[in-house]
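Asker: If you read the sequences in order, they're chains V and W.
This note's numbering puts the first sequence at residues 197 to 887.
This note's numbering puts the second sequence at residues 6 to 447.
By construction, these hints were calculated from the structure, which means they are not laboratory data.
In this text, all values refer to a predicted model and were calculated from it rather than measured experimentally.
A hint or two may mislead.
Each computed DSSO-like pair below joins lysine-lysine, with the alpha-carbon atoms no more than 30 angstroms apart [claimed, not checked]: (1) 314(W) / 295(V); (2) 367(W) / 325(V); (3) 313(W) / 754(V); (4) 650(V) / 376(V); (5) 314(W) / 363(V); (6) 872(V) / 373(W); (7) 572(V) / 367(W); (8) 204(W) / 626(V); (9) 585(V) / 97(W); (10) 353(V) / 314(W); (11) 97(W) / 235(V); (12) 612(V) / 245(W); (13) 295(V) / 367(W); (14) 350(V) / 50(W); (15) 585(V) / 373(W); (16) 313(W) / 363(V); (17) 50(W) / 585(V); (18) 97(W) / 572(V).
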Amino acid sequence: MKKIKSIILLVLVLFVSSTINAQLDRSIQPKPGPAPEFKIGKHKTFTLKNGLKVILVENHKLPRVSFQLTIDADPIFEKEIAGTANFTGSLLKSGTSSKSKVEIDEAVDFIGAKLSTGLNGISGLTLTKHKDEFLSVFSDVLLNPSFPEAEIEKTKKQAISAMNSSKTDPKFISANVSQKLCFDNHPYGEIETEETINNITREGILNYYNKFYKPNISYLVIVGDITLRQAKKDAKKYFGAWERGSVDKFEYQVPNKNIGTRVAVVHKEGAVQSYINITYPVNLKVGDKNVIPALLANSVLGSGVFSARLISNLREDKGYTYGAYSDLTPDPLVGKFSASAQVATGVTDDAVNQFLIEMNRMGNEIVDNKTLKLFKTVSGGAFARSLVKPETVASFALNSIKYSLPDDYYKSYFEKIDAVTSEQIMSVSKKYIDPNQAIIIVVGDKNKIAESLKKYSATGKVEFYDAYGNTVKEDEKIAIPEGMTADLVIEKYIKAVGGKEKLEKIQDVTMEASANMGGMTIKQTIYKKAPNKFAMIMSMNGNVMMKQAFNGKRAIMKGFQGEQEIVGDDLENLKVEAVINPELKYAELNVKFTLESVEKVGDKKAYKLKVVNPTGKTVYDYYDMESGLKLKTKETIVAPQGEFSQTHTYKDYKEIEGLLYPHIIKITGVQNMELKIDSVSINKDLSDELF
Amino acid sequence: MKIRTLLLTLCLLASTNIMFAQANKIEFEEYDLDNGLHVILHQDKSSPLAVVTITYHVGSKNERPERTGFAHFFEHLMFEGSKNISRGEYPKIVDRAGGTLNANTTWDRTYFYEILPANELELGLWLESERLLHLNVDSIGVATQKKVVTEEIKQREDNQPYMSFQREIGKRAFKVHPYRWTVLGKAEHIMAATDSDYKNFYDEFYVPNNAVLTVVGDIDFDETKKLIEKYYGSIPRGDKEIYRPNLVEPIKHQEVRDTIYDNVQLPAIFQAYHTPKAGTKDSYAVEMLATLLSGGESSRFYTQLVDKKQLAIQAQSFPLPYEDAGLALTFALPNMGVELQDLEAAMDAEIERVQNELISDKELQKLKNQFEANHVSSNANLDTRAYNLAINYLFHKDANLINTEIKEYLAVTKEDIMRVAKKYFRKDNRVVLYYLPKLQQK
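Bound conformation, chain W alone (with noise of 0.2 angstroms):
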């Protein structure tokens, strides 16, 4: 056992009543168990709950590419029992404590996490630990979980208008990256798994070495490291090599156009642009962006597309950065009557707006204070600091960008903004999709 860093101030000990609104920092403690797990606790005494997570480096991008969404169905086995949990018991042990769980699963990692009184703390490292250690699943329960995977993927993707860009736009804008398939996958690889996919898959990821558990709430450090110790500390570290893609995408230099026949009642445009990875310096200005063309009423988007030439009833641009690479997305649905040339000429024309003037001075101010807010709301609950300690460490081993990534957005300048807008948001470098209804399909 080893301590990687402590935050541990003077503040923290000092009563809470002077800890004013100066900075709301995030006090926390870390640290790595002998086998690898990495520990964040953090302590909040505001009301007697405890949050405990645990996240595994493990996401849609580590599936082999015949057994696509088994990161997302793994996910759902979890919940099926332990070696001394009996199917069907997980769910109900945390109701008949007074608690709350879930899970959920994305490209790069798999969340799960207990809401508990305080005093049911060691139920949910209990619990956890259950299932890091010796998770048990029967052949009802892998084949009742096929079922139901299968009509999640019918639900959230076929059958729900323009659910199916995240498939569209995916494999046509990564040829390479696993970032290719979605995260729910294709149902046929999940109905083809076998028992050897599923011990394998759980030895390889499901070790402690793969992940971070995070503790918070109204907790005692001393006591929590023990129960800590006591379920997690004998757990073996896996001995199986970690498959992570190192796979790089090449950089496109040809616009990739398509047609989406699709169940909607409204046309539509996607549009996915390549941009870098999360925590980058370019990333971070990708956001800001993606903020100046459609964050509130007052944007770009929504003053120009929607309010003044009413071509568009909505308009969004929303960024996507992943662990390995990142996408720019934007979506508009058109008025009724309107062209989709029309629209997305008009999108662009916004676009090359921000190439070609700097944004003033008081859309910079009013992006920045847009971030400031934004980031003292993403921690305003216990359960989504758990959340963001956790994914911060997981990504860039720097659980303190709960602290400090506010800066680095706050450091981005008006040339950064015009230099990404230049560098990423070329035609060249995204993918236009428009959907229309299958009716008009011939």
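If we strip away everything but chain V, and leave its shape as in the complex, we get (with noise of 0.2 angstroms):
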């Protein structure tokens, strides 16, 4: 030890020495020295009697191994089930015969490993000294799941409640269409609603299991800390017993090229920015000889770096967005190239535009040698820098042998990067990025750009679709019928519902419902007493959550912050909706009301009624044409995010003392609930304490 420090002083001082009379011009850029050479690390592959092939990338700097498990079975139509498949993956962990979640996770955490299961099967870390308790309960996971009713059950409520939160995100909404849109009638086109994942059963799952789950078609890559023979002998030991069995194969036609550009809009309402995504299906297979080159001129077009297109027009020179990027992704089966960003209302149409000025460039305009180079390099750069880390090794070997690429392939990789000419670049691109095979799916507010973006179909229509891309019928505008007034649309209604002389002699009305929220049951009690008070009390378990009370006078809240008084706005507004039935004092209240249009809602045809409160308050209420009856309000709530509608549907109208009252009164937007109305009992003189 000393003796090297001396060396190393010595060797040192010689270099001060040797520096510090050397002038330095600094304004001279260092020159690279000779390329390195970066190497693919080695793999190995063996495979048990079950046929469960196993790869191997020897890794001893760090005293862990990874092991990831992929059941490779081919997708299968899912339809009224969709999301069974996932579910069984991600199930996986919540029970075996012999553990139980809490046990399962408990075992993972006491070693300090990592285990998760999913629709590919199961990947994890863990020390190598505890490598036989970590792969004890990996193996257990994955031969005897017990798939706990219990469980099945906690996991879908999350998966619906997870859903509903993203149900106004535009992201969630365009890649649920662009699925939809480009892979029609293929697995890949499927997607999981809540119906879907109610219809998801036990029994589904363990069919799924039993089914597909069979080392035969699957791979365990193991990456480490482990020698050859310690990776077999625990291969054999942990994975040995698991039985081979015959599985189905499905084959599925790519879907058809998309021919002429068509234009998808995705109605969000006051959305005040347009989320674009210009995308199609393309027949790029993994290993194909155009992947490399297509790869480059993607990279050129839409990558992160800031010399590429999309962000340098989009960001940089029009400001139009925060980023715009484009993927190109090849697939054994079928491919997808998607542009994307996110850019304000007022420019959704030039944005459109300069995405398909920048796509039609790259098939008709030569990429310069410049710019080819700088590509090169920083593809090369991103390659070469993935390829510290031997878990890129080990993915490299697994789609070596599911896809049966030759041998050499991400060996020669930057050689066939080096090797693409300007015109390679301009040829895949006039093949991989086509506006003319493109489906525009823009996600925002369709009446402030639906129809700028026609020019861009090749027939000259928008389609329109909902959030899990199902066709919505472009609103056929639909005429007032002659005569009709707003006044005669309140008069129907206040008919439908039992007639004024009835609704008159109302004192008071308590009104019951109940609504699941997250799983727990939420009780809400509304009372009304002429001539306008109102209380209302939220409980759950028992225990009362918040109360709100209006004597006609003071209104007051009270919830776990303490009590708070409402006033200004808030109270006046209280002072109109705590009428019994307003709809038949509007002139008294003051309330503005016009008949706006004829619309629908579901397969209703609907009057629209604009009604504004004394303090400007707006919303729309919806009578139905034919009975007459309150089909939905909708209000607009402006917060600082955006704006946001929030919609009350109101169905399953029962008679109670020969008035009609909806049941059911569904809630969308900022909240979403199901409100059942319980009961509604009319005059039981309530005391004036309750308010």
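Dock the two chains into a complex; use the hints.
Answerer: What follows is the structure, encoded as structure tokens:
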């Protein structure tokens, strides 16, 4: 040790003296030394008797080892139970024949390991010294999952809540619609909805597990601090008992190439931004000779570096967006091109235009050598950096086997990048970056964008979809029948629910409702008493969570934050809303209402009435043209993140003492829940103290 | 030039094949240049990459109260160009070399890095020397970055649910220490910054004697030292006194409690307990305690609050050990319909359990195992090794903590965990914030 120290000291001293006199011209950018060779690490493979193929990348730098098991089943059509395969994977960890979820979690955490399960299988990481404990849990969840009913229900609820919270998220909507439109009549086009998740059963999960979780279609990738000998021993010990079985194969036709640009709009009321996604399926298989030039072409168009064309045009030059990117994804079945950006609503038209210009440019204009060289370096650099990780080496080995790639496919990656010519970039661009095949999906306010987007559609038409990619008929303009007025709509409504005479006799109403929120039942009781007293109590498990009371003059809200007085506009609005049937007294209450149009609510035609309180608060009420009943109320809430609409839909009208009351009220928008009306009682002589 | 410590052992000279898993010890060499720049070198030849990082010992705590956010803003300016690199070129030079770069700022330091093919090592050293020696920022650059940073503040703190907690907790937890403002600071302070502010800040903090340079990867030590001397040796030492706040936050004896109405859909609870600064014995115990509460699905918060009682959909405890002081943050999102008080009571009950009952031997062993596994993974990548070496030297003057710090965690006892729970997780030593949807504000 000492000796080394002194040698190095000496060496350093020599350097100091030699460099101190050197003249340094800092304006000269240093030249690189000879380019290093980036080598791909070695891997080994072996196969167990049951057919499980094992890939090992040995790396003893760190005392840890990772295991990744992939079930390479063909995708299947799941239809009304879409999500079952996904659930099967994620629930593996929720119980086995000998362990509960709690015990599994404890066993994994105790050794400081990580273990996750999902659609494609299981992956995890452990310190070498805990490898055996880890593998016994790993193989237990793979071989003996019990899929407890209670855990399935819990997961369903979580999945549905997560879905509900994303319903207004443009990214979520765009992904759904693009999946459905790109992969028509292909398993890739199936999407999970609340309905399909509710249809998932334990039986379906077991069925999927028994059919597809077989070693002979699976791969085990082991990376890290383990020898080949030990890996073979462990694979046999922990996965050897897994029984082979025949697994059905499924083949699908590549979805038809789209010919002629389509424009699809998903309406998002009052959206301040448009989410543009220009996408289409491409027939680009993993390992295809075009993959490398095509990915390079895409990187010129839309990679994350500032020199890429989309970002320099849409962001740096025009300032339309924070980011604009494109992706080209090869796939063993069918690949995809996608270019996207979130842009201000007002520039949607030109942003789409700029996307198309840049896409067209790729196929029509030769990329100059300097640009080509820059992007070759950017792509090569990213590839080189990825090689540091043994996991990358393993994933290359896995791909090579899965997709039967030539032995030197990854080894010659740099040479292949280097060999790409400008002409090739142009020819692959013509094939894979082609606006004529594109489906332009825009999530935004249709009233502000749809008309201007028509010109990009080959048919001159815009298609409309909902958040799950179902066709929405373009609203045909329905004329307001001659002679119809707002007063008549209200008159018809009053008649429909029971008539003025009966309504005016109501002195008080008590309405009890319940809603399920995140698996818990919330009870809500509303009291109204003439002329304008109002109270609302919300409780859970018998505990009052919130109480609101208005005695005609003063309004109080009590919650866990203590008591607060409601004042200002909110108080004024309450004065109107507290009236038992405000529709009877619009004139008296100074509420302005006008007939706006006839619109569809579901499959019913409805009169749309604009109703404005004296404070200026505006809501839209929709009255069924046929029955006269109120179908829906919509209001817009302005929040700093943007505008949101909140809708109440009234369903299941039932008669109570000669009057019709809706028994299901569905609330969507900022909050999503379904209120079930359990009882309505009239004239119970409510005490004033309630208010 | 002098050699501070030498950790070069025979082991490194021997073939790497026999360097087995036992300890995964990180070997490195470190020294100071005459101008005070501290250099740390670490060799790893497994891939021909070189990582160049430079860490400046300046963060938001070194700012003046009327110029908050300045350290982070200055980090942006560092990409603008230098005497020999024109505006906008800095990241493109790295692109053209097939590398990548970035930077980030915290309360206590500002960190810059380039990851390059090993043959571009000299380029990386030149790039960083350019902005250390003669940064050049023109008025267009300043104006652009003022806008960019203002947008960044909106995006990261104002327009993202709950993220204003950093600001809201900070100003209530600290009354004296500059940790009372956030790293991003106030937009109006950034807008008000003047040319002399940049010049003074640069001259005071961006000097070799306030920086640590680490170079790791497939490098030759002798060659690297030569290049470092070439580009950094003649950079003059800073001649200003470097401002380091020596303000001590007085011990709290009263709980601070408030409600924040924010653009959120679900309410939330944030609690922040004052804890000791990074690198102290008690700080290690506090980190273990946080893992006991929320590290993994078998942790106490998860099993009790999320799974069993279903009071929360998420409950986390995370320690923030800064250089001068620490905070232990706990955070929970209630399940629909759960009152925040009930959730808070359940969180408090879990803390009280740690205060009143020693954790079991098995739990302690689990914590040790978790920390050991984290320790191994935290040094897995070249760039994180470069970072850990720099930070350990910068804050504790001991780069070798990268190897030895795990011992400090493993030395924590059950009694230590109970003791720190009692000593710091006191109600009168905390800030509690209830986050409520803005629509509920009357």
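Asker: Is the hinted pair residue 204(W) and residue 626(V) satisfied, with a Cα-Cα distance of at most 30 angstroms?
Answerer: With Cα atoms ~52 angstroms apart, residue 204(W) and residue 626(V) exceed 30 angstroms; violated.
Asker: When you check the alpha-carbon spacing of residue 314(W) and residue 363(V), does it fall within 30 angstroms?
Answerer: This hinted pair holds, its Cα atoms lying about 28 angstroms apart.
Asker: Residue 314(W) and residue 295(V) were given as a pair; does the straight-line alpha-carbon distance stay at or below 30 angstroms?
Answerer: 21 angstroms, holds
Asker: Checking one constraint from the list: CA of residue 97(W) to CA of residue 572(V), max 30 angstroms. Satisfied?
Answerer: 14 angstroms, holds
Asker: Are residue 650(V) and residue 376(V) close enough, with their CA atoms no more than 30 angstroms apart?
Answerer: 21 angstroms, holds
Asker: What's the verdict on residue 367(W) and residue 325(V), does the C-alpha distance respect the 30 angstroms limit or exceed it?
Answerer: With Cα atoms ~17 angstroms apart, residue 367(W) and residue 325(V) stay inside 30 angstroms; holds.
Asker: Please verify whether residue 295(V) and residue 367(W) have alpha carbons no more than 30 angstroms apart.
Answerer: 19 angstroms, holds
Asker: Has the given pair, residue 585(V) with residue 373(W), been kept, meaning a C-alpha gap of at most 30 angstroms?
Answerer: At roughly 26 angstroms apart (the allowed maximum being 30 angstroms), residue 373(W) and residue 585(V) satisfy the hint.
Asker: For the pair we were handed, residue 872(V) and residue 373(W), check the Cα-Cα distance against 30 angstroms.
Answerer: Not satisfied, since the Cα-Cα distance of roughly 51 angstroms exceeds 30 angstroms.
Asker: For a C-alpha distance cap of 30 angstroms, please report whether residue 50(W) and residue 585(V) respect it.
Answerer: With a Cα-Cα distance of about 13 angstroms, the restraint between residue 50(W) and residue 585(V) holds, given a limit of 30 angstroms.
Asker: What's the verdict on residue 97(W) and residue 235(V), does the C-alpha distance respect the 30 angstroms limit or exceed it?
Answerer: 26 angstroms, holds
Asker: Is the Cα-Cα distance between residue 353(V) and residue 314(W) 30 angstroms or less?
Answerer: 16 angstroms, holds
In summary, the structure is inconsistent with hints 6, 7, 8, 12 and 14 from the numbered list given earlier, while agreeing with the others.
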